Each structure stands twice: as C-alpha cells, then as structure tokens.
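Student: Can you build the whole structure from these sequences, using the hints too?
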Amino acid sequence: MRSPKVFRTTPFRLTLLFLALFAAAASAFLAYIYLATAGEVNRRADATISRELASLEAVYRRGGFAALNQGVIERSTGNQVLLYLLMDRSGAPISGSIARSPIKADLSGRTWGAFVLADADADGAILRRPARGAEEPMSGGERLFVGADVGDSEAYVVGIVRALWGAGALVLILGLAGGVIVSRNVSRNISSLTDVIESARAGELHVRAHVRGAGDEYDELASGLNDMLERLERSIGGLRHAGDAIAHDLRSPLTRLRARLEAAMIDADAGRTDPRRALQQALEDTDGVLRTFGAVLAIARLEAVGDAPDQTTFDPGALAADIAELYEPTCEEKALDFRSELTPGLKAKGNRDFIAQALANILDNSVKYTPPGGAVMLRVRRRSSGDIEFSVTDTGPGVPEKDRGRIVERFVRLEQSRSQPGAGLGLSLVAAVARAHRGHLELDDGPGAMATAGPGLRVALVLPKPG
Amino acid sequence: MRILIVEDDLEASSAMAKSLAESGHETVTAEDGEAGLRLARDSRFDIMIVDRMMPRMDGITMVECVRRDGDQTPVLFLSALGEISDRVQGLRAGGDDYLVKPYAFAELIARVEALARRRDTGSVLTILRVGGLEMDLIARTVHRSGQEIDLQPREFQLLEFLMRHADQSVTRTMLLEKVWEYNFDPQTNVIDVHISRLRSKIDKGFDKPMLQTVRGAGYRLES
Chain E
36 MRSPKVFRTT
46 PFRLTLLFLA
56 LFAAAASAFL
66 AYIYLATAGE
76 VNRRADATIS
86 RELASLEAVY
96 RRGGFAALNQ
106 GVIERSTGNQ
116 VLLYLLMDRS
126 GAPISGSIAR
136 SPIKADLSGR
146 TWGAFVLADA
156 DADGAILRRP
166 ARGAEEPMSG
176 GERLFVGADV
186 GDSEAYVVGI
196 VRALWGAGAL
206 VLILGLAGGV
216 IVSRNVSRNI
226 SSLTDVIESA
236 RAGELHVRAH
246 VRGAGDEYDE
256 LASGLNDMLE
266 RLERSIGGLR
276 HAGDAIAHDL
286 RSPLTRLRAR
296 LEAAMIDADA
306 GRTDPRRALQ
316 QALEDTDGVL
326 RTFGAVLAIA
336 RLEAVGDAPD
346 QTTFDPGALA
356 ADIAELYEPT
366 CEEKALDFRS
376 ELTPGLKAKG
386 NRDFIAQALA
396 NILDNSVKYT
406 PPGGAVMLRV
416 RRRSSGDIEF
426 SVTDTGPGVP
436 EKDRGRIVER
446 FVRLEQSRSQ
456 PGAGLGLSLV
466 AAVARAHRGH
476 LELDDGPGAM
486 ATAGPGLRVA
496 LVLPKPG
Chain W
4 MRILIVEDDL
14 EASSAMAKSL
24 AESGHETVTA
34 EDGEAGLRLA
44 RDSRFDIMIV
54 DRMMPRMDGI
64 TMVECVRRDG
74 DQTPVLFLSA
84 LGEISDRVQG
94 LRAGGDDYLV
104 KPYAFAELIA
114 RVEALARRRD
124 TGSVLTILRV
134 GGLEMDLIAR
144 TVHRSGQEID
154 LQPREFQLLE
164 FLMRHADQSV
174 TRTMLLEKVW
184 EYNFDPQTNV
194 IDVHISRLRS
204 KIDKGFDKPM
214 LQTVRGAGYR
224 LES
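Keeping their order, the protein sequence lines are chains E and W. With the numbering used here applied, the first sequence covers 36 to 502. With the numbering used here applied, the second sequence covers 4 to 226.
The hints are simulated quantities; they were obtained by calculation from the structure and are not laboratory data. Note that the coordinates shown come from a computational prediction; the quantities given were computed from them, not determined experimentally. For each residue, glycine too, the CB sits at the ideal point set by N, CA and C. Keep in mind that the hints are not guaranteed to be accurate.
[Claimed, not checked] Taking lysine-lysine and the BS3-like style, the derived pairs with C-alpha atoms no more than 30 Å apart in a straight line are:
(1) E:Lys403 <-> W:Lys204
(2) W:Lys211 <-> E:Lys369
(3) W:Lys181 <-> E:Lys369
(4) W:Lys181 <-> E:Lys384
(5) W:Lys21 <-> W:Lys207
(6) W:Lys181 <-> W:Lys204
(7) W:Lys181 <-> E:Lys403
(8) W:Lys181 <-> W:Lys211
(9) E:Lys403 <-> E:Lys384
(10) W:Lys204 <-> E:Lys369
(11) E:Lys403 <-> E:Lys369
(12) E:Lys403 <-> W:Lys207
(13) W:Lys181 <-> E:Lys382
(14) E:Lys369 <-> W:Lys207
[As the list claims (entries may be wrong)] Chain W stretches covered by chain E per the calculated footprint, using a threshold of three residues with CB under 8 Å from any CB of chain E:
(15) 85-93
(16) 185-192
Tutor: What follows is the structure in structure tokens.
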C-alpha cells in the first residue's frame with residue numbers, strides 16, 4: 036500500500052525534515068527551561084532555609100537554649116510555611132512543628148536533604164508534596180532542623196513544562212499542516228505542468244501551461260514549457276504541412292501518370308495508337324515527381340543538419356559571375372536585359388555548392404517570371420554591417436507584400452504562377468540555404484511599376500560577415 | 004564492352020543489363036560486394052557499375068579492394084546518396100564517376116560510354132579532331148574545314164568535352180557536372196541555350212550539322 040500522494044511530495048518530505056530538526060531544537064530548549072526553572076525553585080527554598088537557620092542561630096547565640104526553644108515554639112505555632120524541629124543531642128524532639136527529622140544528618144555540620152511531606156487535605160486524602168530541609172548542630176550540642184514545602188513551586192514548574200509540551204505539540208501540528216499546505220500548493224503548480232507535459236506526450240501539442248503572472252519560478256517554468264511547445268507545434272505543423280503538400284504535389288502527377296498509362300493500355304489493346312507517346316509522357320511525369328522529391332529531400336536535409344557542411348572561404352563575386360555566365364544566354368534568348376554588378380575581391384564563408392544552387396534558384400525565378408523585354412540585375416556587395424549580400428532584381432510582376440512571407444514556405448505558389456513549371460520549392464530551398472549559413476532571405480519591391488510591367492521583385496540572400 | 008554490374012536490387016540490375024545489352028554491351032551481374040569482388044578478380048571487365056549500399060560488402064569497400072589489387076578498371080558508382088560529401092567519398096574510394104539514383108538509362112549509358120572512352124584517349128593529346136573540326140588545346144583555337152571559329156572560354160570548354168566524347172550521347176547533367184562543375188539541376192533549360200549558341204557558331208554556314216540533339220538523352224557531336 037502506498038501512502039497518499041501528498042505525503043510523497045518533495046515539499047512535504049522537506050517539511051518533515053524541517054519539523055524533525057525543529058522538534059530536536061524545541062526538546063533541547065524545553066530541557067534547558069526545565070533544568071533552569073526547577074533548579075531556581077530549589078535554590079530559592081534553600082536560601083529561605085539558610086536565612087531562617089541563621090536567624091535562629093543568632094537567637095541561640097544571644098539568649099542560649101531557652102531563647103532558641105522559645106523562638107522555635109513561637110515560629111511553629113503560627114501559620115507557618117516553614118517546618119521547624121529542635122532536637123537534643125540524641126535527636127529526640129524538644130519542640131517544633133514536626134515530630135522527627137526527615138533527613139539523615141551527620142553531626143559535623145549543616146546537612147541538606149530532600150524529602151516527601153505527607154499531608155491530609157480537608158477531605159482526608161493523603162497529599163504527598165516535595166520538601167527540602169537542612170539540619171544543623173548548635174554549639175551546645177542541640178540540633179536544629181528547618182524545612183520548606185516546595186510543592187507549590189514544583190507544581191508551578193510542572194505547569195510550565197506542561198505548557199511547553201503543549202506549545203511543542205501545537206508547533207508540530209501547525210508545522211505539519213503548513214507542510215501539507217505548502218506541498219499541496221507546490222504539487223498543484225507542478226501537476227499543472229506535468230499535466231501539460233503528459234498531454235504533449237500523448238500528442239496534444241496545443242495545450243499550454245497556465246502562467247499566473249506572479250513572475251515566480253513556476254511562471255518561468257510554465258512560459259519556458261509553453262515556448263518549447265510552441266516551437267514543437269510549429270515545426271511539426273511545418274512537417275505536416277510539407278507532408279500534405281508533398282502528398283498533393285506527388286499525388287497529382289502520379290495520378291496523371293497512372294491515368295495516362297491506363298488509357299494507353301486500353302488504346303494499345305485496341306490497336307488504336309502507338310503506346311510510345313504515352314510512355315514518353317509517362318517518363319516526363321515521372322521525372323517531374325522525382326525532381327519534386329529531390330528538392331523536398333534537399334530542403335529536409337539542409338534543415339536537419341543545422342549548419343551547412345563543408346563551408347569554405349570563397350570569392351562571392353566570382354561565384355556569382357559563374358552563375359551569371361550560366362544564365363546569360365537564356366536571358367538573351369528571352370529578350371531580357373541581364374546585367375551584373377559584382378564587387379570584386381570580397382570574401383564570404385559558406386558551402387559553395389549550396390550558395391550556387393540558391394543563386395541559380397533565384398535567377399531561375401526571375402527568368403521564369405519576368406516578361407520579355409524586361410531586365411534582370413544580379414548584384415554582389417558588402418553591406419556596411421560587413422554582411423555579404425547576393426541580390427537579384429527583376430522587372431517582373433513582383434510579389435504583393437502580404438504574400439512575401441508565404442512564398443518562402445514549401446510548395447507555396449501564387450495563383451499567377453500556376454501556369455509555370457516548378458514545384459514551388461525554389462525559394463524554400465534558398466531560405467533553407469540562408470538559414471543553414473545563419474543568414475537570411477529578403478524580398479522587396481523591384482524598381483517599381485512601369486507601364487504594364489512591374490513593380491518587380493528584389494530577392495536578396497544575405498550571409499553574415501565571415502569570420 | 005564487357006560490363007560488371009554489382010547491384011543488390013535484382014529488378015534494377017536486370018533492367019540495367021537489358022538496356023546495356025541493347026546498346027551492344029555484354030554484362031555480368033553480381034548481387035553484393037563480395038560476389039562482385041570475386042568476379043572482378045576472376046575476369047577482366049571494361050567498366051564496373053557498382054551500387055554503393057549493398058549487403059555483406061558495400062560498394063565503397065569493394066572498389067577499395069579492387070584498387071588495392073592494382074585493377075584500374077573504370078568504376079561508375081550508383082547511389083541514392085547524392086550530397087557533395089557522398090560523391091567525394093565515392094570518388095576517393097576509387098570511383099571514376101558517380102550517378103545518383105534514380106537515373107535515366109540514357110544517362111547511365113552515356114556515362115558508361117564516356118568512362119570507356121576516357122580510358123583509351125588519354126589527355127596527352129594537344130589537338131582534337133572530329134570530322135572537319137579541329138581544336139588546338141595549346142593555342143586555344145578552333146577551326147572547321149580550315150575556317151576559324153571564335154569561341155568564348157566556356158564555349159571552348161563545352162566543345163572540348165563534346166569532342167572528347169564525339170559520337171556519344173552526353174546528357175545535360177553530365178555537361179553541368181563536367182563543364183560547369185555544378186551538381187544541381189536548374190529548372191530552366193540553361194544548358195540547351197548554351198548548346199544552341201555553340202551550334203550556331205560551329206554549324207552555321209556548313210551543310211552538315213555536327214551538333215545533334217538526342218531525344219530524351221541530350222546531345223551528340225557527330226564526326
């Protein structure tokens with residue numbers, strides 16, 4: 036059998052430990068109080084007894100045996116708190132308030148002792164009360180005993196001790212209750228967090244921990260957890276979106292492919308057509324699917340590695356010049372005015388192949404979307420911050436500001452571009468390359484609208500300052 | 004040519020064997036690196052096509068063993084791994100070319116023939132001749148039937164590659180990889196435009212066009 040949950044919590048265990056320490060301290064404190072108080076009671080009684088003995092001794096010195104006997108008789112008859120007994124040399128009583136000495140004394144000097152006084156109260160019940168006394172031999176050989184009933188004082192001490200025990204018990208109970216409350220409070224806060232973690236583990240990533248706004252460590256923990264869940268949800272959402280998009284982008288060409296093959300088979304069976312054409316088309320469709328798949332894989336790999344591998348220091352202008360040379364004839368054929376402005380002698384750090392591919396993708400887009408007669412400008416420069424910027428500006432239709440964030444996402448293609456070939460992965464790959472170099476991608480308006488053209492688009496791949 | 008195919012996917016290897024046989028090549032197949040290594044040691048081949056990932060012994064290990072034996076038969080690696088580092092690893096192990104799966108048969112055959120060709124023409128030649136074309140690699144000049152043709156540096160490199168592989172199909176990917184040294188496919192037909200520029204320079208004004216387009220494969224420079 037396990038103890039209830041609250042008793043197993045860490046705060047409750049800490050409370051118990053604290054209580055144990057506290058109880059030990061309280062016991063030591065009680066013991067000290069008891070010893071100090073009880074000792075004080077005895078010391079006071081002893082002082083009174085000593086004073087009385089001294090006073091009676093003075094009487095004896097002044098008036099001899101007769102005066103002492105007189106004094107003892109006088110003191111014994113009043114309603115006295117003290118006990119008196121005057122004995123002869125052999126210890127036989129002469130006068131006093133008690134019949135015989137309650138302590139065993141030797142005859143050499145004053146002897147102290149504690150004893151118990153039996154007394155009957157008004158109802159006849161026997162009361163036993165603690166008492167102390169001292170016996171002293173007189174110079175004439177008589178023996179004088181003076182005692183004191185300390186019962187009332189001891190009862191007082193016992194009362195104090197009982198009160199202290201009570202207080203101790205109260206402290207223990209309050210401490211335990213406090214422990215339960217504290218651990219409940221802590222448990223409640225923690226369990227709201229563990230509930231969230233439990234749900235997340237079960238796949239419900241939308242749940243969030245409650246942040247109470249107290250600004251304490253629970254809030255910090257809760258907002259940290261929420262932040263983590265936020266990112267997780269976003270990246271899983273991204274994956275899911277990519278998964279859906281891949282399914283869509285692979286499924287439609289695959290469906291087309293299947294339909295074509297099926298139709299070709301029917302036609303071939305009927306001897307109507309040459310199946311070569313259908314097969315040719317099927318091959319082209321297959322290549323399209325494979326290209327999409329390759330691009331998705333490249334992006335996924337880049338995103339998985341974090342930082343791009345095989346980074347070297349290179350001349351970004353030279354790299355851009357190579358890519359420009361690759362695209363220049365295509366631009367010319369499409370009647371695009373293609374120019375480049377490449378700052379020579381710069382240094383950039385990165386994976387040359389990825390950067391070249393990213394730049395090719397940006398140029399691909401510009402060439403694809405800029406209508407004939409337009410212009411494409413490739414620039415490489417160093418910003419004042421030291422960052423290296425590759426930019427391509429065209430006079431194409433541009434991208435409305437509200438869509439700019441979106442076209443970087445995988446598979447997003449704007450309505451106007453549906454007629455163009457491509458899977459909509461070009462800029463996503465550029466963005467992935469930028470991220471893998473701790474850089475970023477910027478999209479802006481181009482040179483602005485002119486007649487029917489424009490406003491154009493400016494795409495910049497910015498790499499951080501090398502070194 | 005006698006070609007050794009080492010590939011654990013039997014369907015892929017029999018399709019490959021069939022298409023190579025149709026191009027007039029003799030093929031021998033092995034299912035894993037160990038069997039491939041045994042065959043490579045027992046008989047001579049002109050080309051070996053080796054899959055990278057196979058059971059028992061992978062392609063990299065097999066080719067390393069072959070090279071340690073002193074066998075310099077050209078090796079074409081096939082792999083689903085297409086990152087730059089994967090290619091570098093394959094070439095370091097002793098591969099001569101690296102083709103990423105999936106591939107078109109035209110691409111495979113073009114590369115196999117290019118590898119075989121590279122073997123018998125060394126790079127010691129200083130003058131390349133194909134039909135009426137003559138390329139002087141030292142003077143960096145090109146003539147067709149005695150008439151000088153003015154080429155840009157990249158056009159010169161492109162023509163050199165085509166001349167070294169004259170009468171063979173070369174694919175767009177091969178040109179991108181070997182002439183431009185890029186390992187990605189641009190979406191637009193950038194290579195086609197470079198080829199048509201070159202074509203207009205070497206074929207314009209001559210009766211017989213030398214630079215042919217091969218449907219579904221790429222290009223061929225005919226002598």
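Student: Work down the list of hints and note, for each, if the structure agrees.
Tutor: Hint check results:
no. : hint                  : in the structure
1   : E:Lys403 <-> W:Lys204 : holds (26 Å)
2   : W:Lys211 <-> E:Lys369 : holds (28 Å)
3   : W:Lys181 <-> E:Lys369 : holds (26 Å)
4   : W:Lys181 <-> E:Lys384 : holds (24 Å)
5   : W:Lys21 <-> W:Lys207  : violated (39 Å)
6   : W:Lys181 <-> W:Lys204 : holds (21 Å)
7   : W:Lys181 <-> E:Lys403 : holds (25 Å)
8   : W:Lys181 <-> W:Lys211 : holds (27 Å)
9   : E:Lys403 <-> E:Lys384 : holds (29 Å)
10  : W:Lys204 <-> E:Lys369 : holds (19 Å)
11  : E:Lys403 <-> E:Lys369 : holds (9 Å)
12  : E:Lys403 <-> W:Lys207 : holds (29 Å)
13  : W:Lys181 <-> E:Lys382 : holds (26 Å)
14  : E:Lys369 <-> W:Lys207 : holds (21 Å)
15  : 85-93                 : holds (count 4)
16  : 185-192               : holds (count 8)
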